[in-house]
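Undergrad: Line by line, the protein sequences are chains A and B.
Numbering of the first sequence is given in my numbering, commencing with residue 1 and proceeding in unit increments.
Numbering of the second sequence is given in my numbering, commencing with residue 1001 and proceeding in unit increments.
Everything labelled a hint here was simulated from the structure, so no lab data went into it.
Just so we're clear, the structure is a prediction, and the values are computed from it rather than from any experiment.
Any given hint could turn out to be false.
[To be verified] Just a few of them, taken from the derived set where beta-carbon distance is under 10 angstroms, the chain A residues facing chain B:
no.	residue
1	D92
2	E143
3	F157
Quick reminder that beta carbons are idealized off the backbone N, C-alpha and C, glycines included.
Listed here are the chains, written in short residue letters.
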Amino acid sequence: MLKRNGRLMLAGALLVSSAVQAQGVAADGQQVAMQGDGSGAPCMACHGMDGAGNNAAGFPRLAGLDAAYIAKQIRDYNAGTRVSGVMQPNVDNLTEQQILDVSAYYAAQPVPKAQTGGDAELLALGEKLAKRGDWDNYIPACESCHGPDNQGVGASFPGLAGQHGNYIKQQLNAWRSGARHNDPNQLMTGVAERLSEQQIEAVAAYLGSRQAVAAEGGQ
Amino acid sequence: MTRNLMILMAAATLSAPVMASEPKVPINLPAPKEGQYVHQAPTIDDLMADESIKPQLREVILKGYDMFMNTQQYRGKYVFNDMSCKTCHMGEGRMNGSGPVWPAVTTLPDFRGKNKHVNSVEERIAGCFAYSMNGTPPAYGSDDMLAMVAYHQWLAKGAEVYETNIAGRGFRHLGNKIPDDVSYDKGQAVYEANCAICHGDDGAGQKKDGQVVFPPLWGDGAYNWGAGMTRIFTAASFIKNNMPLSKPGSLTDNEAWNVAWYINSQERPQDPRYTGDARDTREQFIGFHKHTRYGTEVNGKVLGQHNNTGEKPFLKPANLKPRTFE
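Isolated chain A (complex conformation):
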């Protein structure tokens, strides 16, 4: 019995140490961002070397997002739980280490200044949804999972503040259509499908206007 426990402990220790080793190296990730997976466009082509993305084109900001969250999204494109004709062919040849590296690289980029301004009434409606929700339609506040000021919580609940509005809108529609279904326990699907078109506009505009703060590991 003792021997068995000892072996279990040893196995546990090995697991822990390999988990520690499986860390992204931001410097190596820079290479990946520039070169891509060797069979498609490099990350920088759309997300920029600074990870700022592009609102007009709906390319998300990656700078300052949680590294583990970014890595999971890349894996999910390859697994088909997040469908994008643009992303999937560009990441399907990345190794696990490259995924970790490029995620670490973008997580470490300084977050850009938010684009403020917009329709005051729309922003006010968005703020209400983000901070208070719309409980009569069973929509909890975004903050109740994405954290204070929607700056994100860990690897499962990404920062939304300062994410591009067009991207947020596009993703909410992807949850609704089922093109994106990589949410743990379908926690996002129900919320997305209960939002009205106007609420989607409003919450995307509001969140896009907030200044992001980098997740842990970022700047």
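Dock chain B against chain A, hints included.
TA: Showing chain B alone in chain A's frame:
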């Protein structure tokens, strides 16, 4: 025959878009039972638009709302764990099925079995602070207590006074009979599959920048052993109707019972009514504790047999006392 087939095909074509718009995450909440009283509590927006409310009163109601939503601002004063009013009374305390708080002002003063005397609204609110928030309530008659009561009363606007057959009141729609086949292991499996992503494997919840995002379910940051939520049936109904957040009604009744059993088989701060012995305290308050696992042996240990009051530097708030009217 051909005609029938065509009708069938037409029906199939018609029903296709309907099928497509079926929600992927439907909300399966119980409808009010026949004869139950349904009240739709007003919102803060309604308050702002209601010109019959004097501005001074509106200000006090808004203070109560702020206390309700962000009770953690009183950490170390009234609250000594990670809970806020809104943690259990979801949807700003308005939602039927989520422990709506307005019935407190339409049904109290009334006799409550929990403390065996006629309780005021203030005393009811005090109970939440003493047990669920492991703290000490704002003083009766204080500005803070008045603000809390004012917010409760706002939510009750237009509701029937003395009506007790209220739809969506409290957390008990699954009844209070624990199914015979509940088990710790089954509950743990439900927990790990559905709850741990937010509340953590250790039940400690998650914070961001020191602010509570996902509340702890056990341990020092959670409700204490005197909280209504320690009753298996209360937790089961709460979970069934409200969890996982955004997916109310998605767990089966059986899953809700098992996970409530599992969560309430974990240690938490001491019941403020503790006599020094958990088995004895259980017997003294058996009307309450017959629904909890407090003072019983779980995994080789008697739950609640300890002097841990969490962050709170005392056991019992001074204003939790019996009332006799003699």
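Undergrad: All the hints need checking, so say for each whether the structure fits it.
TA: Okay, the hints, checked on the actual structure:
{"no.": "1", "hint": "D92", "in the structure": "27 angstroms, violated"}
{"no.": "2", "hint": "E143", "in the structure": "8 angstroms, holds"}
{"no.": "3", "hint": "F157", "in the structure": "8 angstroms, holds"}
The structure is inconsistent with hint 1 alone, although it conforms to all the rest.
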